[in-house]
Amino acid sequence: MPEVKLVNVTKRYGRIIANDHINLTIKDKEYISVIGPSGCGKTTLIKCIAGIIEPDEGEIYIGGRLVNNVPIEDRGIGYVFQNIALFPHMTVWGNITYGPRVRGFPPEETEAIAREMIEMIKVTARVDAYPDELSGGTQQKTAVARALMTRSRLLLLDEPLGALDLKVRAALRYELRRIVKDLGLTALHVTHDQEEAMSISDRVVVMRRGRIIESGRPIELYMRPKKLFTANFVGEANFLVGEVKLITGEGSIIDLGDGMKILSRDRSREMGERVVVAFRPEFASLGRTCENALAGKMTSIIYSGDLVRLHVELPNGDVIVVKRSLRLYEPIPRAGDEVTVSVPPENILVYPYPERGLHRELSLE
Amino acid sequence: MSSRLVVSCTLVTFIIFVMLPTFYLISYVFLRWDEVWYEVFANPIIGDENWRQIIKALIFSFRLSLSTVAFDLIFGVPLAYVLARKRFPGKGLLEDLVTLPLVIPTSGFGFATLVTWTTVAGLGGLLGMRSGLISLNAVAPFINVPFILFIVHVALTFPYVVRTVETKIQSIDMTYEIASRTLGAYSLTTFRNILFPLALPGIFSGAVLAFARSLGETGATMIVSGVSTTASIAIVRWASEFKIPTAAFMGSLLVFIAWVIILPAEIYVSRGRRAHSLSFSVPMNLTRRIIRFERFLSRKLFFIKDIVPLVIVAVAVVIPIAVVLNSVILYWSADPYTGKIEGGVVHQLFGPSNYFSHLLKATLTSIIVALVSTYIATCIAIPISFIIERRWYGRIIRTMLKVPLIIPTSSLGLSVLLLWGSSGLNLVSSGIWMIILTHIVFSVPVVVESIIASYEGSGIQMYEESARTLGATAYNAIEAVSLPLIKGGVFTGFILSFTRSLGETGATFIVMGRDLTIPVLVVNMVEALAIPAALFTSTYLIALSLVMLAIVRVFTQR
Ligand SMILES: Nc1ncnc2c1ncn2[C@@H]1O[C@H](COP(=O)(O)OP(=O)(O)O)[C@@H](O)[C@H]1O
Ligand SMILES: [Mg+2]
Numbered sequence: 001m002p003e004v005k006l007v008n009v010t011k012r013y014g015r016i017i018a019n020d021h022i023n024l025t026i027k028d029k030e031y032i033s034v035i036g037p038s039g040c041g042k043t044t045l046i047k048c049i050a051g052i053i054e055p056d057e058g059e060i061y062i063g064g065r066l067v068n069n070v071p072i073e074d075r076g077i078g079y080v081f082q083n084i085a086l087f088p089h090m091t092v093w094g095n096i097t098y099g100p101r102v103r104g105f106p107p108e109e110t111e112a113i114a115r116e117m118i119e120m121i122k123v124t125a126r127v128d129a130y131p132d133e134l135s136g137g138t139q140q141k142t143a144v145a146r147a148l149m150t151r152s153r154l155l156l157l158d159e160p161l162g163a164l165d166l167k168v169r170a171a172l173r174y175e176l177r178r179i180v181k182d183l184g185l186t187a188l189h190v191t192h193d194q195e196e197a198m199s200i201s202d203r204v205v206v207m208r209r210g211r212i213i214e215s216g217r218p219i220e221l222y223m224r225p226k227k228l229f230t231a232n233f234v235g236e237a238n239f240l241v242g243e244v245k246l247i248t249g250e251g252s253i254i255d256l257g258d259g260m261k262i263l264s265r266d267r268s269r270e271m272g273e274r275v276v277v278a279f280r281p282e283f284a285s286l287g288r289t290c291e292n293a294l295a296g297k298m299t300s301i302i303y304s305g306d307l308v309r310l311h312v313e314l315p316n317g318d319v320i321v322v323k324r325s326l327r328l329y330e331p332i333p334r335a336g337d338e339v340t341v342s343v344p345p346e347n348i349l350v351y352p353y354p355e356r357g358l359h360r361e362l363s364l365e
Numbered sequence: 001m002s003s004r005l006v007v008s009c010t011l012v013t014f015i016i017f018v019m020l021p022t023f024y025l026i027s028y029v030f031l032r033w034d035e036v037w038y039e040v041f042a043n044p045i046i047g048d049e050n051w052r053q054i055i056k057a058l059i060f061s062f063r064l065s066l067s068t069v070a071f072d073l074i075f076g077v078p079l080a081y082v083l084a085r086k087r088f089p090g091k092g093l094l095e096d097l098v099t100l101p102l103v104i105p106t107s108g109f110g111f112a113t114l115v116t117w118t119t120v121a122g123l124g125g126l127l128g129m130r131s132g133l134i135s136l137n138a139v140a141p142f143i144n145v146p147f148i149l150f151i152v153h154v155a156l157t158f159p160y161v162v163r164t165v166e167t168k169i170q171s172i173d174m175t176y177e178i179a180s181r182t183l184g185a186y187s188l189t190t191f192r193n194i195l196f197p198l199a200l201p202g203i204f205s206g207a208v209l210a211f212a213r214s215l216g217e218t219g220a221t222m223i224v225s226g227v228s229t230t231a232s233i234a235i236v237r238w239a240s241e242f243k244i245p246t247a248a249f250m251g252s253l254l255v256f257i258a259w260v261i262i263l264p265a266e267i268y269v270s271r272g273r274r275a276h277s278l279s280f281s282v283p284m285n286l287t288r289r290i291i292r293f294e295r296f297l298s299r300k301l302f303f304i305k306d307i308v309p310l311v312i313v314a315v316a317v318v319i320p321i322a323v324v325l326n327s328v329i330l331y332w333s334a335d336p337y338t339g340k341i342e343g344g345v346v347h348q349l350f351g352p353s354n355y356f357s358h359l360l361k362a363t364l365t366s367i368i369v370a371l372v373s374t375y376i377a378t379c380i381a382i383p384i385s386f387i388i389e390r391r392w393y394g395r396i397i398r399t400m401l402k403v404p405l406i407i408p409t410s411s412l413g414l415s416v417l418l419l420w421g422s423s424g425l426n427l428v429s430s431g432i433w434m435i436i437l438t439h440i441v442f443s444v445p446v447v448v449e450s451i452i453a454s455y456e457g458s459g460i461q462m463y464e465e466s467a468r469t470l471g472a473t474a475y476n477a478i479e480a481v482s483l484p485l486i487k488g489g490v491f492t493g494f495i496l497s498f499t500r501s502l503g504e505t506g507a508t509f510i511v512m513g514r515d516l517t518i519p520v521l522v523v524n525m526v527e528a529l530a531i532p533a534a535l536f537t538s539t540y541l542i543a544l545s546l547v548m549l550a551i552v553r554v555f556t557q558r
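Residue numbers (my numbering), protein chains in the order written: chain H, 1 to 365; chain C, 1 to 558.
Looking at chain H on its own, in the form it has when it is part of the complex (with noise of 0.2 Å):
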C-alpha cells in the first residue's frame, strides 16, 4: 500500500538548494537506501517525506494521497531519527505505548501491541528502565519499537545507525532489515555509509548537491556504476585518465600515455574521444594474468588487518592501488620493486572526461 512518490521536490535555504527537483518513487515493501556525502540533502529529504519540513515546490503522495498539506501527525508515518530521541522522562515501556496513548488506543489494545512488538523487535531492556540507563543499541531498538507502534506501514530512518559504536552498527543494520521484511513494511535508510547501504537494501538512490544523480540494485552500483561519481563513492576505485584510441569487436582500446594501453569491454564511447578510466582496487591483481597489463613500481605497502594494499607508480607517475586478501603463503613485492599489474577488460569501467575536471567531479561536496 504505501509506495511514495516524489515529483519535482525542491527545498531551497536562501541560496543553498538541499534538494533540487527530486524524482523518485518508493515502490511498496521495497528497502531503499538513500546516501551520498553530507550535507548533499538527505535529511532534507526524508523530513520533506516526514512533512517535518515543507517543500518549496513539487508534490508528494503517500499510497497515492497527495499529503503536501497533511501535518506531520496525521501521514501515518514511523521515524527513527540518528540522535535517537528516546522521550528522556519516560520509561522504555512509557517510551514505546507513546504513539497509541496520545491517538487514543484502548489501552488493552496497546498493551497487545506493545508486547508483540517489544517480542519481535527483541527489545532486551526491562520495560521500567529510562532510556539513559540501556547501551545505544537497545535504546535505538526501542526507538524502531516506537516508530513501529502505530501500525505505520512506512518507515523512514535517518541515519539510525549513525550514533552507535561500530560492531552494534554492522548487527542491528541486518536486525532492521530482517524487521521490515518480516512485517512487510516500506523503508527508507538515510546514510553516508555506503557499505551499510549495499549490505542492506533492495535498492540505494545515490545523491550529490541536492538531486539524485543514480539509483539501482547494490550489485549493480557496484559493478556498473552509470557515473564516475558513484564509482569513486561506492567502494573504491582507481581512475586514469586517456583517450580512444581504437574500438574492435573486442572493446575499445584506451591510451593511457606514455606508452599504457588498455582494454575495455566497454564500446560506448567514440574515436578519439577523452575518458576517464576506472577500476576497482580489488579486481587488480599482481602479475601477468590477463592482456591488460600495466608495469610500474611498487611504492608502499598498507596492511589493514585482512587485506594488504599495494600502491603501484605507474610510468606517467599515477599511482593505483591494488587490493588483495592476506595470504601468508604468497610473496608481497616490497616497496622499490618493479610490479606488473593486471585488471580483467570487463572490470574496466569508461566515463567521458568530465567538463569540470575530474578532481572535481569526483570531490564529496
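Check each hint, because a few of them may be wrong.
With beta-carbon atoms standing in for the labels, derived distance ranges [what the hints assert, rightly or not]: (1) C:Phe296 <-> H:Glu175: 39 to 45 Å; (2) H:Glu175 <-> C:Ile267: 40 to 46 Å; (3) C:Ser8 <-> H:Asn83: 43 to 49 Å; (4) C:Phe296 <-> H:Pro107: 22 to 28 Å; (5) H:Ser135 <-> C:Ala70: 42 to 48 Å; (6) C:Val6 <-> H:Glu365: 51 to 57 Å; (7) C:Ile143 <-> H:Pro106: 39 to 45 Å; (8) H:Glu270 <-> C:Thr175: 48 to 54 Å; (9) C:Ala70 <-> H:Pro107: 30 to 36 Å; (10) C:Ala314 <-> H:Leu183: 50 to 56 Å; (11) C:Phe293 <-> H:Arg15: 41 to 47 Å.
Hints in this document: simulated from the structure, not taken from any laboratory. Glycine included, every Cβ here is placed at the ideal spot set by N, Cα and C.
With the hints as your guide, set chain C with the ligands onto chain H.
For chain C with the ligands alone, kept in the frame of chain H given last:
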C-alpha cells in the same frame, strides 16, 4: 600566598558582608523575643493588633503574588515557547521589551503605569474621557487585588518566567517534539506530554523567582498600592514609624518563607531528569476527549499563543513607557488641562521647590552607591565563584546565595540597619555607606550567578588543566587562563548588579537616612503630588536604563 589563606579570607569577607546581613534579622527576633512579643502580640493598649496587621499584609501579599505568578505562567510559558522555537522579524526587540521592566528602576516604572491607567494623561484621555481609565483602587475581579497593582506586578515578574523558561526550552532538543508528532500527537498534546515535563524545572525556577520578586517588590508597589498594604511596604512603613520589633518580626517571617520556597525548589531542580516525570492517570474516555480538544486547539486556535502574550507586553510595558514620554512633553511648560505653569515640568524642576537640584544630588548618590557596591561585590564574587566551582561545599554556598536574591529587599535593609546601625554593632549610621553595605548583599549573588553561567559554558576547567600540565601553578592558571575567559561573565554581572542597585527602592528606604537615591526621590515626588517632576524623573530613569540595556546588548552580541 597560600591558597588556603586566600580561601579563608574570601570566606570570612563573604560571611561578614553577605551572609551575616542576610540572616541577622532572624537572630534579632530570637535575641529580642521579649520586645517582639510585647509589641506584636501583647501590647497593653492595642493588644495583638500588630499581629493582625502582619497576617493581613501577608495574606494580601500572597494573594497578589500567587495570582501574578499564575498569570505569568499561563501567558509567559507560551511566549517563552514562541521565543525559543520560532524565528520571526522583531524577535530581538520583543525580547528586549519583555526584559525592560527588569532594567527600569521599578518606582519609575510603577509611576508610568499609574499615569497610564489612572490619570487623564494616560489611556483615559486617549479614549476621550475626562479622567483616568480606572481608579487607583479598582479591584480586579476573581483574584480580588487592585487592578493596577496586579498589572505592575505582572510586568515586573513576567521577564523572570519568560526568560528562564525560554532558556530552558532552548536547551531541550527539538527532536523530541518532532518525534512526538511523528507518533501522532498534535502540537498541544506534544506540548503537554513532552515539552512541558521536560521544561518543568525551568518553569519552576521561573515561578519561584517571579514569586519572590513580587513578594519583595517595593518601589513600584509603594506608588500604585493605594490603600492596600503588602508585606514589604508594611516593613518599610513600620521601620519608618520606629516599630522596629514588628517590622523585624515581619521581615524574618519573609526570610523564613523565602527559605521554605527555595529549598524544595533547589532539591527538586537538582534531582536530575527523572524527577520531572509527572504521570497523571486519567480515565481513557477523558484522555480521548482531551486529545480531541487539543486537536481542535492545535488546528484552529494555535495562533492565540502568538498573539495574547504580545498584547500583554504591549499593554504592560510599551504603553506605560510611551505614555510617560508623551506626558513629559505635554506637561513641559504648563499643565495642559488647567494651563497653570505651576503644573508644568519646568516650574517644578526649577521653581521654588527646586526638584532639579534634588535630582542632581540623588543622581550623584545613586551612581556612587551603584559603582562602589558593585565594585566591592565583584571583588567578593570572583573568588567566591572559583570556590563554588572547586570546593565540595560550593553547592551549599550557591544555595545560600540564592537567599539574598529572593528575600524582600526591605527585610534585607532592615537586617542591615539592625546589624550595623546604632541598635546593633553601631559601626555605620544610616546614609550612603549603609546603602552601599545593603546593596553589596544582593549584588554579590547577581555577579556570582553570571560568572558561573559564563564559567559553565566555556570549558574553563579543561583549559586550566592544560595550563597546569604545561607547568603553571594553580594560581597562575587562574590568572592567565580563567580570568580572561570569564571576563564576559564578570562584565555582564557588573552591569546587571549596577542596574539593580540603581533601581532598588525597598531596602534603600530603610537605610538611607538623609541620602536619597533617584528611585526613592520618585516615590517622594509622587507622595508630594509633584506629578510633573515625577514624570520627568521617570523619563530620566527610563532613558538611563535604556542606555544600560544598549550597553549589555552591544557587549553580549560580540
Ligand atoms: N535549517 C537550515 N537552514 C539553512 N540551511 C540548511 C538547513 N538545513 C539544512 N541546510 C543545508 O542544506 C543542505 C542539505 O542538508 P541536509 O539535508 O541536512 O544534508 P545531509 O542530511 O545529506 O547531510 C546542507 O548544505 C545544509 O547546510
Ligand atoms: Mg543528515
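Q: Would you pick out the hints that fail for this structure and give their numbers low to high?
A: none
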